[in-house]
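Number of protein chains: 2
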Amino acid sequence: MLYLIGLGLGPDGISVLGLKILKKCDKIYMEQYTSISQTELNSLKSELKTEIIPLDRKTVEETDLLIRESQKHSVAFLIPGDPLVATTHSSLLAEARKNQTPVQIIHSSSIYSAVAETGLQLYKFGKTTTLPFPDKEYENYKPTSPYETIQSNLQNNSHTLILLDIQVTQNKQNYMTIQEALPILKDLESKLKKKLFTSKTKIVAISHLGQSNQLIKYNTMETLNKTNFGPALHCLIYPAKDLHFQEKELLETYS
Amino acid sequence: MLYLIGLGLGPDGISVLGLKILKKCDKIYMEQYTSISQTELNSLKSELKTEIIPLDRKTVEETDLLIRESQKHSVAFLIPGDPLVATTHSSLLAEARKNQTPVQIIHSSSIYSAVAETGLQLYKFGKTTTLPFPDKEYENYKPTSPYETIQSNLQNNSHTLILLDIQVTQNKQNYMTIQEALPILKDLESKLKKKLFTSKTKIVAISHLGQSNQLIKYNTMETLNKTNFGPALHCLIYPAKDLHFQEKELLETYS
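Protein chains in written order, with my numbering: chain A, 1 to 255; chain B, 256 to 510.
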């Protein structure tokens, strides 16, 4: 049996069910270089008798190690947030189902529903976009799709969750911060000129959502740029133009 | 301090953090008539020394009981799923923030990210809609907005999560099932005639997502209508037309 177990949004974010299952598993794997902190990892380790074996993404994506192991043992694979948010892990589920390997997903908290803490109503979120780092190898290639997704969502009076890129290199992960994201968005504005980002535009900037040090700010880009959000994980939300009074009421408390 | 604590999608869905906080709270409230099962409630009660006090929705919405109590005590309010998915609880958060009452949200798993288990990628979901029961008091008034949301999402190549209505009466909650939802959708088709629902249309039907008895089926409405999904909670997904091969691959395993 293969258990894909979500670690949720921060320390002790795993569900009680997840922890119970974890304690009974023969083998426990976790993706290396995930956003989980050392404190969080140590606290989890202290609860378990079985060691947590780190796996690099290449092994997860290019080998059938997890599926092979789970044909003989109870295997847990730990994933930050809710397990299937990343497409890599959906592929793993698809592969397991094709191999008739039983899989159970142990869900946990995710940015996708936790953003309701801003006051913006979940059912009004349109498509999500990820803002990528400019690709230095391809003459600073900057895709315009994030800008276009926001524009299309605005036409449908939908909010846009803007996830910030994670660059995975051999030895580390590089997380885009709000301060890095803002100039990229301004740059897209100067290229596409639909006035999505003006000096008056107020957007939502969030760091460490769901953790004790979380920060939510609703303000102009200039003010957000001067705000100290601490290290990543960060994300942004571009709200719909037409807000319900209840959305406005809560959102304004973060001004 | 007021803690809004998510119970997640099923038994033991609460996070380890949530349970730790709960054990230290002076008072624990829970909304009455929520979707939580008696077994789940008993299992939670057995872990706690403090009793769980049921609250009807009217008291939550129309009084400041929770905010008043949390100015003197550590108060937990238990909510199924992720706490702020329902707009009622966002209003509670807004009210608390206006009253300078400290609030901490303890997130948990939610249908909004758990739907990734179907294989459909989360970032491609557009606006969510809720399919309401026909209103018998108003000559069977049937709003067309769910149909229009699906149509608009299809134009943007987005998936639509279709939540099914919950009717709250004085003494109980009535949950719409898949078998009740399908004829309502067919009825909207015969009224609006955009061919969203034909005999060939395959949609996703889900019951008890995130629980051990969960069922996911991707099929025509006729076949889904003959499938036994058990009692509620149920929901539906209308997938975008243009699916990524990875989405198709996993989705087809539920045919």
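Read the hints as simulated data drawn from the structure, not as lab findings.
Be careful, since some hints might not be right.
[Unchecked claim] Computed cross-link-like contacts, DSSO-like style, restricted to lysine-lysine with a CA-CA straight-line distance of at most 27 Å: (1) B:275 <-> A:124; (2) A:45 <-> B:379; (3) A:124 <-> B:313; (4) A:124 <-> A:193; (5) B:397 <-> A:124; (6) A:124 <-> B:496; (7) B:496 <-> A:58; (8) B:313 <-> A:202; (9) A:124 <-> B:450; (10) A:195 <-> B:503; (11) A:195 <-> A:248; (12) B:379 <-> B:300.
Among all the numbered hints in the text so far, which are the ones the structure does not match? Result: hints 1, 2, 7, 8, 10 and 12 break, sorted rising.
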